[in-house]
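Asker: Chains A and B, in that order, give the protein sequences. Using the numbering used here, read the first sequence as starting at 38 and increasing by one per residue. Using the numbering used here, read the second sequence as starting at 18 and increasing by one per residue.
These are calculated hints, taken from the structure and not from any lab test. Backbone N, C-alpha and C define an ideal beta-carbon position, used for all residues, glycine too. Hints may contain errors.
Unchecked claim - Which bits of chain B does chain A cover? Going by a derived footprint, with three or more residues having C-beta under 8 Å, they are:
no., stretch
1, 91-99
2, 102-110
3, 227-240
To be verified - Going by beta-carbon spacing under 8 Å, a handful of chain B positions derived as facing chain A:
no., residue
4, Ala54
5, Phe74
6, Leu81
7, Leu84
8, Leu139
9, Leu140
10, Ala143
11, Ala168
12, Ile179
13, Ile181
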Amino acid sequence: MRAAMARKPGMLRVIGALLWKDLLSELRGRALLAALLVFALLTVVVFNYALDLERTVRASVGAGVLWVTIVFTATLALNRVFSAEREHALHEGLLLAPVERLAIYFGKLLSGLLFVLLVAAVVVPVFALLYDLPVARPLNLAVLLLGTLGYLLPGTLLAALAAHARAREVLLPVMLFPVAMPVILSAVRSSQEVLAGSDWVRIAPAFNLLVASDIIFLALAVLLFDQLVDA
Amino acid sequence: MQKNVGLQTLSIGSGLLLLAALYMVFMYAPLEAVMGAVQRVFYFHVAAGWVGALALFVAFVAGLLYLRRGGLLADRVALCSSEIGLVFISMNIASGAIWARPIWNTWWTWDPRLTTATITWLLYAAYLLLRQGIEDPQRRGRFAAVYGVIAFASVPLTFAAIRIFRSIHPVVIGAGAPGAKGSFDMTPAMRDTLLFSVFAFTVLYGALLWHRLRLEQLSERVAQLRLRVLQA
């Protein structure tokens, strides 16, 4: 951005405006949230029968079920992140707006995070009820937040990338799953240990790696997002 | 297109080197005392893994160069090198499975190295799929380079994550069984064979990369000529 356009709005205001726009269009009947919620609940139910979850294995397998549910839901949400703009040819408008490009990334990241966390706020208690697991432990909530964030950090970047490709709905998970593998693995591991009531010594390796992955993916996104919109 | 003497020499040279490496693997290297003949797959297994890693590193550096300076050549190198890397990782995984079957008593185990190799394979398969999905050459180069950087950065993190997983969980199959290396003491003849195989494979990589780059140039020229004919 040149100095002549120096009077662009501040980054936080742009992020807030984008977040508000996505929320408003959801409130006016985009019905994404409801679809995500039903999908997430379905996943939990299907896994119960697919894995025949008995009481003894629940603590270790339950964490996996919880995370697969969140990751699937987040993937669906990510597929829609840039879709409204693309369908109404607003993508260019958004990118031409005299704002910091990174603000677009963070706006989309936060609206994705908000949607997935809203779904999680319903699904996680239901999950706790069905499987009788102590998912509400503060540390597990921290893992849920950090893991979801860690998945959406590269996810939002790759969604912007996939938005211009053919077969984008399939391409996004194909690109994202292997990249997000460290986040998924360390989040599952952390949740397993927390749910099993382990000491911090047992939780720490996975939890620290989760935090480290979040930081690395955040740094990469900040460094690389400009490359995607600089057409 | 005139004859490319350098490329021809390199191709024939890498062929001869591979034959020599084969001779060393089967004739010069001694029979391993415990594992027997199947251990001979080790030399090409390691060499293929080395070239796979080298090719993907070259693709990563080429991607970074493309992001910094642009230029068709950097993007072409990134494409060609990652294709070759994918092939060599496949060879590495397949030869590893052949080795694992008699020694670990299974084709596969979710050990950190094996899993990381598989995830890497998936990453670069996704990389090539992404390239196929974008029409505009400029955008394709940029997007692919961005994905290449993220993919490359995530591989060591994945390795670390699986290590955490497995070091606490018992490894059910293959626990205490020989790892990929260090399970047998290499004699000098074995070491020479390994080093020579790695060298031969590296030269082969150079030849393949050159061929593949030339093919890319030729196909672009064909496209240009066709355009000229259609316009005339």
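Asker: Could you run down the list of hints and mark each one as holding or not?
Answerer: Okay, the hints, checked on the actual structure:
no.: 1; hint: 91-99; verdict: violated (count 0)
no.: 2; hint: 102-110; verdict: violated (count 0)
no.: 3; hint: 227-240; verdict: violated (count 0)
no.: 4; hint: Ala54; verdict: violated (35 Å)
no.: 5; hint: Phe74; verdict: violated (17 Å)
no.: 6; hint: Leu81; verdict: violated (11 Å)
no.: 7; hint: Leu84; verdict: holds (6 Å)
no.: 8; hint: Leu139; verdict: holds (4 Å)
no.: 9; hint: Leu140; verdict: holds (5 Å)
no.: 10; hint: Ala143; verdict: holds (5 Å)
no.: 11; hint: Ala168; verdict: holds (6 Å)
no.: 12; hint: Ile179; verdict: holds (7 Å)
no.: 13; hint: Ile181; verdict: holds (5 Å)
Checked against the numbered hints given earlier, the structure breaks hints 1, 2, 3, 4, 5 and 6 and satisfies all the rest.
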